[in-house]
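Colleague: Chain by chain, the residues run as shown.
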Amino acid sequence: MNKMFMSLRTAEARERFTADEAGYCASFGLSPEQQQAVLDRDWQAMIDLGGSIFYVYKLAMMDGRSMQYLGGVFTGTSEEEFLAALRAGGRRG
Amino acid sequence: MNKMFMSLRTAEARERFTADEAGYCASFGLSPEQQQAVLDRDWQAMIDLGGSIFYVYKLAMMDGRSMQYLGGVFTGTSEEEFLAALRAGGRRG
Amino acid sequence: MAEVIWGLATSHVPSIGAAMDRGKTEDESWKDLFDGYAPARAWLAEHRPDVAVVIYNDHANGVDLDVVPTFAIGTSDHYDVADEGFGKRPVPDVVGHPELSLHLLESLVDDGFDMTVFQELDVDHGLTVPLSVWTPDPGEAWPCPVVPLLVNVIQYPQPTAARCYALGQALGRAIASFPQDLTVGVLGTGGMSHQLAGARAGFINPEFDAMFMEAVETDPQRLTQLSRQDYVREAGSEGIEMIMWLVMRGAMAAEVTKVHSHYFVPASNTAAAVALFDNRAPAPA
Amino acid sequence: MAEVIWGLATSHVPSIGAAMDRGKTEDESWKDLFDGYAPARAWLAEHRPDVAVVIYNDHANGVDLDVVPTFAIGTSDHYDVADEGFGKRPVPDVVGHPELSLHLLESLVDDGFDMTVFQELDVDHGLTVPLSVWTPDPGEAWPCPVVPLLVNVIQYPQPTAARCYALGQALGRAIASFPQDLTVGVLGTGGMSHQLAGARAGFINPEFDAMFMEAVETDPQRLTQLSRQDYVREAGSEGIEMIMWLVMRGAMAAEVTKVHSHYFVPASNTAAAVALFDNRAPAPA
Ligand SMILES: [Fe+3]
Ligand SMILES: [Fe+3]
Numbered sequence: 001m002n003k004m005f006m007s008l009r010t011a012e013a014r015e016r017f018t019a020d021e022a023g024y025c026a027s028f029g030l031s032p033e034q035q036q037a038v039l040d041r042d043w044q045a046m047i048d049l050g051g052s053i054f055y056v057y058k059l060a061m062m063d064g065r066s067m068q069y070l071g072g073v074f075t076g077t078s079e080e081e082f083l084a085a086l087r088a089g090g091r092r093g
Numbered sequence: 001m002n003k004m005f006m007s008l009r010t011a012e013a014r015e016r017f018t019a020d021e022a023g024y025c026a027s028f029g030l031s032p033e034q035q036q037a038v039l040d041r042d043w044q045a046m047i048d049l050g051g052s053i054f055y056v057y058k059l060a061m062m063d064g065r066s067m068q069y070l071g072g073v074f075t076g077t078s079e080e081e082f083l084a085a086l087r088a089g090g091r092r093g
Numbered sequence: 001m002a003e004v005i006w007g008l009a010t011s012h013v014p015s016i017g018a019a020m021d022r023g024k025t026e027d028e029s030w031k032d033l034f035d036g037y038a039p040a041r042a043w044l045a046e047h048r049p050d051v052a053v054v055i056y057n058d059h060a061n062g063v064d065l066d067v068v069p070t071f072a073i074g075t076s077d078h079y080d081v082a083d084e085g086f087g088k089r090p091v092p093d094v095v096g097h098p099e100l101s102l103h104l105l106e107s108l109v110d111d112g113f114d115m116t117v118f119q120e121l122d123v124d125h126g127l128t129v130p131l132s133v134w135t136p137d138p139g140e141a142w143p144c145p146v147v148p149l150l151v152n153v154i155q156y157p158q159p160t161a162a163r164c165y166a167l168g169q170a171l172g173r174a175i176a177s178f179p180q181d182l183t184v185g186v187l188g189t190g191g192m193s194h195q196l197a198g199a200r201a202g203f204i205n206p207e208f209d210a211m212f213m214e215a216v217e218t219d220p221q222r223l224t225q226l227s228r229q230d231y232v233r234e235a236g237s238e239g240i241e242m243i244m245w246l247v248m249r250g251a252m253a254a255e256v257t258k259v260h261s262h263y264f265v266p267a268s269n270t271a272a273a274v275a276l277f278d279n280r281a282p283a284p285a
Numbered sequence: 001m002a003e004v005i006w007g008l009a010t011s012h013v014p015s016i017g018a019a020m021d022r023g024k025t026e027d028e029s030w031k032d033l034f035d036g037y038a039p040a041r042a043w044l045a046e047h048r049p050d051v052a053v054v055i056y057n058d059h060a061n062g063v064d065l066d067v068v069p070t071f072a073i074g075t076s077d078h079y080d081v082a083d084e085g086f087g088k089r090p091v092p093d094v095v096g097h098p099e100l101s102l103h104l105l106e107s108l109v110d111d112g113f114d115m116t117v118f119q120e121l122d123v124d125h126g127l128t129v130p131l132s133v134w135t136p137d138p139g140e141a142w143p144c145p146v147v148p149l150l151v152n153v154i155q156y157p158q159p160t161a162a163r164c165y166a167l168g169q170a171l172g173r174a175i176a177s178f179p180q181d182l183t184v185g186v187l188g189t190g191g192m193s194h195q196l197a198g199a200r201a202g203f204i205n206p207e208f209d210a211m212f213m214e215a216v217e218t219d220p221q222r223l224t225q226l227s228r229q230d231y232v233r234e235a236g237s238e239g240i241e242m243i244m245w246l247v248m249r250g251a252m253a254a255e256v257t258k259v260h261s262h263y264f265v266p267a268s269n270t271a272a273a274v275a276l277f278d279n280r281a282p283a284p285a
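Protein chains in written order, with UniProt numbering: chain A, 1 to 93; chain B, 1 to 93; chain C, 1 to 285; chain D, 1 to 285.
The reader is advised that the hints may include incorrect statements.
[Stated by the list, open to error] Cross-link-like lysine-lysine pairs, in silico, DSSO-like; alpha carbons within 30 Å at most: (1) C:Lys-24 with B:Lys-3; (2) A:Lys-3 with B:Lys-3; (3) B:Lys-3 with D:Lys-24; (4) D:Lys-88 with D:Lys-24; (5) C:Lys-258 with C:Lys-24; (6) A:Lys-3 with D:Lys-31; (7) C:Lys-258 with C:Lys-31; (8) C:Lys-31 with A:Lys-3; (9) D:Lys-258 with D:Lys-31; (10) C:Lys-31 with C:Lys-88; (11) D:Lys-88 with D:Lys-31.
Hints were generated in silico from the structure; no laboratory data involved.
Just chain A, with the same shape it has in the complex:
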């Protein structure tokens, strides 16, 4: 799965991915669960299924999603709440 995310570094690959996400995933041998997580943009599931944050983030960037949006997803808050916590000095604990 990380190999698939890594491939999205070229504009040409990003176009092919956008044109047929399922087919693109299949060509990299993703498991059905991994493919579903990608199609659903289930970010937590992508991490749980072996995605590394730096690779997963490449897909998020294509979608125009910020690292703060992902932070909200991982911590079960909204992007606004997550950002507010950072602005207040970050999360502790």
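Got chain A sorted already, so can you dock chains B, C and D with the ligands onto it with the hints?
Modeller: For chains B, C and D with the ligands alone, kept in the frame of chain A given last:
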């Protein structure tokens, strides 16, 4: 140039090379001297122009040339003489 | 011989580069960070070295993910800026210094450091953002050629802090033994505390960061006592990249003079900092 | 804990594999070499380990030439046999042992060895020929899973002999600390003296080879005193790959028992040898 030799690891690349050696060399950005050395099978020149023996040998193998043949070229003897020297215990000095 | 004239520690968060590339440095959320860079930038503009060694990590942009070197060095005369998924940053490509690279490689290997060589390499924000922190308006070219030195900080097992500091000390010896007279700036990049994924996403630890900032100047040995687990716990799973500051520090003299430092929260999801150290012996009183 | 039960040093010349793959082992020019393998093969067939660690170098087949790691380790569960330019050798692919690989990686990094990780890797004759020397007729599978450990011996600056021996010692400690009970065979490959290109092509130095063969058993420390230049001068520009025998030797006990050795000239352009050492303490008298 080493990158070009390295590419000859796949059967498909070997076919493309054989079909158009000059064009294949050009696609890897070889200098005119390097390309000439490849086309002429000037093994010493390939080494002198930066080819590493393990890479150059990939081309020799495609031509059905042995490492003993190359040894003869490098030492200015025939393949038979070179092989005889090895059989006699190798070259000293 | 070549001589390290300064060391610059700085975060390399991509959004710092993006804020500069998009002209947002005066925005409310960024102004304090960029104001904090100003004194360092002014001093650096007066002290341009002949070569810079940039210690950084790649983030799955320039290096294939199936190969993870603990320590690597680039030996090329040119490093393209990587496309990280949204086009290249609008900054100059990086000019290399193969002679110094090859000298450092030979010295480090002979000194027992098991370097990986990159004869070709695309460089990502880990290298270009620190260059932008140093030089906001490079024009056609960065101030000097660069030797990239890469550290694995993203995949377990990362090198220990002690090994990073030892690499820095060997780097200092290697620079000193270069036959030409060159001035060298050393950049240690990454940090400070942050964690991107998991339940601790957004984690920031200003007390640890303050301790680290103080100790990296005055007592770097103390920081080499901390384990990989200590760094992840105290600085977050990505904050461990601060071990790269120790490579820079190891290449410098026992006593350095702090020129300027600044700490800022948040830059993207991280605590960001800059710290600039003069490596030249202080003028006698 | 895992235990090294034997060490096998052997050349990895591609033509040895080709002679086997083409049924030429009884030919006049090969018979003495393969006859010399017989006693080692018989003993090894009686002492099959649970895992083998193969120390070898890639020859521009499995590793991109723009990346040159000094020391690398594979962590995969499967390694394809590489196509080196004339199709794959007709031998089984190699099964990995990721648990042992990851344990060794962690131990070696914590011990200050700056390993590069290959999460995927095609293995070339450097690894498969030694497996064939050990097991001429593997059938469907090699005798046991393999951990590949790669050393840069083809591009300057190679690691020093002393560093290779130190890596072997760390490898021995790392194997001993593996939590499962496993028996391990260690293969050090390459050599003996040879030079492929240049005016010295065909160079062979039987006196140096004899000294090395004796010292690797009884006084490996002596071999760590030799410099990179010593090896190239005495053993030829490719003969330096004998430093990989020192990694194997370092992983073994101070005292080992030689089971068998054999020296042969020429295998292709090289002096070839096999040497098998029992690592188990000799039975008390
Ligand atoms: Fe980073
Ligand atoms: Fe070899």
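Colleague: If a hint holds in the structure, say so; if it does not, say that too.
Modeller: Hint-by-hint comparison with the structure:
no. : hint                    : in the structure
1   : C:Lys-24 with B:Lys-3   : violated (43 Å)
2   : A:Lys-3 with B:Lys-3    : holds (23 Å)
3   : B:Lys-3 with D:Lys-24   : violated (33 Å)
4   : D:Lys-88 with D:Lys-24  : holds (18 Å)
5   : C:Lys-258 with C:Lys-24 : holds (28 Å)
6   : A:Lys-3 with D:Lys-31   : violated (47 Å)
7   : C:Lys-258 with C:Lys-31 : holds (23 Å)
8   : C:Lys-31 with A:Lys-3   : violated (37 Å)
9   : D:Lys-258 with D:Lys-31 : holds (23 Å)
10  : C:Lys-31 with C:Lys-88  : holds (24 Å)
11  : D:Lys-88 with D:Lys-31  : holds (24 Å)
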